[in-house]
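Asks: Here is what each chain is made of, one letter per residue.
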Amino acid sequence: MAQLEEVSVDLYKHLVSERALSGETMLLNMGPQHPSTHGVLRLLLELDGEIIVNCIPDIGFLHTGVEKNMEAKTYQKAEVMTDRLDYMNTMGNNLSYVMAVEKLIDVDVPPRAQALRVILVELQRIASHLVWLGTSGLDLAAMSMFLFCFREREQILDIFELVSGQRMMTTYIRPGGVWRDVPVEFEKAVRDFLKIFPKRIDEYETLLTKNPLFIDRMVDIGYLSKETALSYGVTGPTLRASGVDWDLRKARPYMGYEQYDFNVPVLTEGDTYARYLVRIQELRESLKIIEQAMNKLPMGPVRSDNRKFVPPPRSEIGVSMESLIHHFKLWTEGFPAPKASIYSAVESPRGELAVYLEGDGGPKPMRVHMRTPSFDNLAVLPEIVKGHLVADLVAILASIDIVLGDIDR
Amino acid sequence: MEKSLEPILKDLQGKFGATYEEFRGELHCFVKAEQIIDALTLLRDAHHFELLSALTAVDYYPQNAPRFHVIYQLTSVSKNLSVQLRVPVNGDQPKVPTAANVYKVGLWRERELLDMFGIEFEGHPDPRRILMPDGTEGHPLRKDFPLGYEEPQFTFNYEEIDLRKPYVKE
Numbered sequence: 001m002a003q004l005e006e007v008s009v010d011l012y013k014h015l016v017s018e019r020a021l022s023g024e025t026m027l028l029n030m031g032p033q034h035p036s037t038h039g040v041l042r043l044l045l046e047l048d049g050e051i052i053v054n055c056i057p058d059i060g061f062l063h064t065g066v067e068k069n070m071e072a073k074t075y076q077k078a079e080v081m082t083d084r085l086d087y088m089n090t091m092g093n094n095l096s097y098v099m100a101v102e103k104l105i106d107v108d109v110p111p112r113a114q115a116l117r118v119i120l121v122e123l124q125r126i127a128s129h130l131v132w133l134g135t136s137g138l139d140l141a142a143m144s145m146f147l148f149c150f151r152e153r154e155q156i157l158d159i160f161e162l163v164s165g166q167r168m169m170t171t172y173i174r175p176g177g178v179w180r181d182v183p184v185e186f187e188k189a190v191r192d193f194l195k196i197f198p199k200r201i202d203e204y205e206t207l208l209t210k211n212p213l214f215i216d217r218m219v220d221i222g223y224l225s226k227e228t229a230l231s232y233g234v235t236g237p238t239l240r241a242s243g244v245d246w247d248l249r250k251a252r253p254y255m256g257y258e259q260y261d262f263n264v265p266v267l268t269e270g271d272t273y274a275r276y277l278v279r280i281q282e283l284r285e286s287l288k289i290i291e292q293a294m295n296k297l298p299m300g301p302v303r304s305d306n307r308k309f310v311p312p313p314r315s316e317i318g319v320s321m322e323s324l325i326h327h328f329k330l331w332t333e334g335f336p337a338p339k340a341s342i343y344s345a346v347e348s349p350r351g352e353l354a355v356y357l358e359g360d361g362g363p364k365p366m367r368v369h370m371r372t373p374s375f376d377n378l379a380v381l382p383e384i385v386k387g388h389l390v391a392d393l394v395a396i397l398a399s400i401d402i403v404l405g406d407i408d409r
Numbered sequence: 001m002e003k004s005l006e007p008i009l010k011d012l013q014g015k016f017g018a019t020y021e022e023f024r025g026e027l028h029c030f031v032k033a034e035q036i037i038d039a040l041t042l043l044r045d046a047h048h049f050e051l052l053s054a055l056t057a058v059d060y061y062p063q064n065a066p067r068f069h070v071i072y073q074l075t076s077v078s079k080n081l082s083v084q085l086r087v088p089v090n091g092d093q094p095k096v097p098t099a100a101n102v103y104k105v106g107l108w109r110e111r112e113l114l115d116m117f118g119i120e121f122e123g124h125p126d127p128r129r130i131l132m133p134d135g136t137e138g139h140p141l142r143k144d145f146p147l148g149y150e151e152p153q154f155t156f157n158y159e160e161i162d163l164r165k166p167y168v169k170e
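Residue numbers (the working numbering), protein chains in the order written: chain A, 1 to 409; chain B, 1 to 170.
Take the hints with a grain of salt, since some may be wrong.
Unchecked claim - Calculated lysine to aspartate or glutamate pairs in the EDC-like style (CA-CA distance at most 16 Å, straight line):
1) Lys-296(A) - Glu-187(A)
2) Lys-13(A) - Glu-50(A)
3) Lys-68(A) - Asp-144(B)
4) Lys-13(A) - Asp-144(B)
Bear in mind the hints are in silico, worked out from the structure with no lab data behind them. Bear in mind that the values here come from a model prediction, so they are computed numbers and not experimental data.
This is chain B alone, in the form it adopts within the complex (with noise of 0.2 Å):
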């Protein structure tokens, strides 16, 4: 770890008993749901990180407590540091509340993790889906939804093979 982030990890167990793992020189801190917004905010106005550059998540299925994880990953570019904030959360109906009002990448990139992952982000402004269509049934990127597999359909069989062709439930 670098010595630039060790105050910063002070701060972060100090306030918010943050546990934290290193692996190639990467620090991921720990921090729980209800203090994540206290944790970016402190980062951003305290310690410059200005940049939310990735927010993202990781499904744990099958284990349930926590199912996920979500990851917060700061950069501050004045400093030139890099630090990871991940949020475990359970399985059955995931909340976290949203960072979209400490960075405005939480706008597009929460919608993305409630699509994906079915993520709920408490408060946030517009919570609709955005990469798949309205009206999909469940979240492609949990680890319970199958990779699926579509049937070509040429002229020739078009009809045979759309009778049977699963598709978005109406």
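Pulled out of the complex, with its shape left as it was, chain A reads as follows (with noise of 0.2 Å):
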């Protein structure tokens, strides 16, 4: 095995106050191994009593070079790495990358794959949010949040799993629409949901919303300031809480958001509290998704017929001979996308994740970078937790909901 080299605190130098270099101050290591810090991260803090003078996050633990590795695969056999960069947010990953691909090589996408796609989103969203809900509660003690909220999720998980064949690594949307259409039995799945879910946000508020415990740990914890927000772009419901009404799906709809009727909650608080409330609140918001994109979904083709681009349909490799070769020369050659560069961008649960690839006119992306949400998200946490308790910190990082696959890519 490789030597292990003592860390000294020389490395940090610059990073820490002159207190601790005179040890006035403690330095202690939180991490990578925590159940608090969501994933493997690490932070290095200096303590003052139990006072957080410096935090210093080290990230990387989980760094897997997907953007490397797409560079080398066809643009579709790429998506698959996108289901692996943010776990809880898996449809969301490959809708981002799907709309960069579909906007490269220009691309149409009947209603019904768009209609598809926003309720199975939406229902991703609904997990991702379920999760956040019940790992905070968890760090604050509240045990029985955390069974609920898994209880619900894993409601969402199975109707991903009737549609995709996968809980979590779904790879349903593809370039061009989705895999294929949904079952008979997806509509009656997520009316149970729609109908059961509304009662359930009620429950969870009865637990925590006005707690006193709850509050006490929340209101005025964490303060992010709208600017400070903006100059270290935080995107999403982080940003929403500081007093920013930006939301992609609002300011710049994508496969048919115009047309639904919902509301971007907004807080001018900035505090843990108000990060909270923010989420919550966008649980029912999504619902209501749903429910409209559930009652207008309209039937039709759920794949572009383009074929140059989208593989045709199995029913017609048996009988067309253009069919089969079309299905032969994507599968192991993939299509040519121009040699050009676009940025597309989605409302992620955490934020704005957006995806910019450039086409070098061959079959393999030239570059993809993933712009992921937790990475900005999480650059401000030293700003935010200064003068706080080492308790609160843990409530703060819940707060910004990260997820770490999100962050290292």
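Make the complex out of the two chains shown on their own, each in a separate frame, by following the hints.
Replies: Here it is, written out as structure tokens:
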């Protein structure tokens, strides 16, 4: 095995205060194996007693070289890598990447596929917020939250299993549409969920929203100002809790979001409690979108019929020579994309999830950059934890909702 | 191109001699490395681009001049506009002045670019690697960095594979 080197304070000299060098304050290591860091995040804390003087996040423990790997695969095959980025938002990752590819090769998506994408992405948003709610409840010693949230999340994952065969690594949304049409049971499964879930949100709220212990831990903790948030590139619910009305679903509608009537919850307090309230309200807004999309769900094809980019349906391959050729070419060689670059962004549960995609005229991307929201959201952590207790750090970290797979890529 | 982007483009052309490209409605402006800080400050203060959405780079190896493009994707939250600035950088000793004083996004994203592409950001307050372990050789997202292959080790052949395994050079 490689030799382990002792880490000295010299490496962090420019990041800690003078007092740490003289030994007046203490340097404490938190993580990477720690239940409250939501993955493998290491935080180096400079402490004055219980008070945090400096916080130095150390990331990269989950770095898997996703961007490099995607450069070596064709556009279709690179899509499976996107599932593994933010494992709480697989459908959303698929969508962001697929939208980038579609924009680059200029393929239209049929309306039914668009509506299905919206339904699934919003379900995924709920599932992701449920994990956030459960784990942040767990961090603040509300253990039952975790059990309740995972019960409902399981129902959503069952829907994903129904449509794609997979609970988490779905790869269901494909360039030009979706993998295949949803089965007949889909409608009932989603309707059942829509029926029970509003009551469940009320249940969560009775447990937490007015709970004095919870409020004591959350209110006025981890204040993030509007200016700091924008400067650090913070997006998503964390930004909206600081008073910036910025939601890409409203500002730059994609996949037909403009047809649906929903609100974007915005609060101005900017503390941990505001971030909690914004996400809770987002759960209700997502339900509204799903309900409208289910009611409007048009009939028709779920994949574009542009055969140069989208594989033909299985039924055609047996009877049409051309379809067979297209299928063969698409899965062996892939499709060529123009030598140009595009930037395409969607609103993920954590913020602006964007893909910078550059083609070189061949079937493989020349550069894929996933602009993952957790990365920038975590960068602001050292700024907002200063002067708080270590116990508050746990609450703040939970409230910015990071996923380490999303950060390290 | 959207109409509201035209005054911004004119400003960039007039002050920095920026050239531009358009693709599917996106505006990409090319700015020289020396002028990027002034351009970013101008866009932030005069044109309300509050958010630096993405800061990334592309490697055009084997082309050397320029080998990299550093990309600044700016978003105006109040006006709902986007513009992209691209800075071409040469391959030998790539250097760009740091944007961390204009947008704090630079604090981490520039460390990522230093780590992944070896592009140096002059004046950055904390130029350490961010994702790869300290002591890694090379910069993984450069095109001349091999994708690599690692043999899986099991208990029965752990030692055997360990002997020929290319660890990070000590």
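Asks: Are the hints correct? Go through all of them and say.
Replies: To see whether the hints hold, each was checked on the structure:
1. Using a Cα cut-off of 16 Å, the hinted pair Lys-296(A) and Glu-187(A) holds, with the two alpha carbons roughly 12 Å apart.
2. Restraint check for Lys-13(A) and Glu-50(A): not satisfied, since their Cα atoms lie roughly 21 Å apart, outside the 16 Å limit.
3. Between Lys-68(A) and Asp-144(B), the direct Cα distance comes to roughly 12 Å. Compliance with the 16 Å bound is thereby established for this hinted pair.
4. Annotation: proposed proximity of Lys-13(A) to Asp-144(B) is violated, straight-line Cα distance about 34 Å (limit 16 Å).
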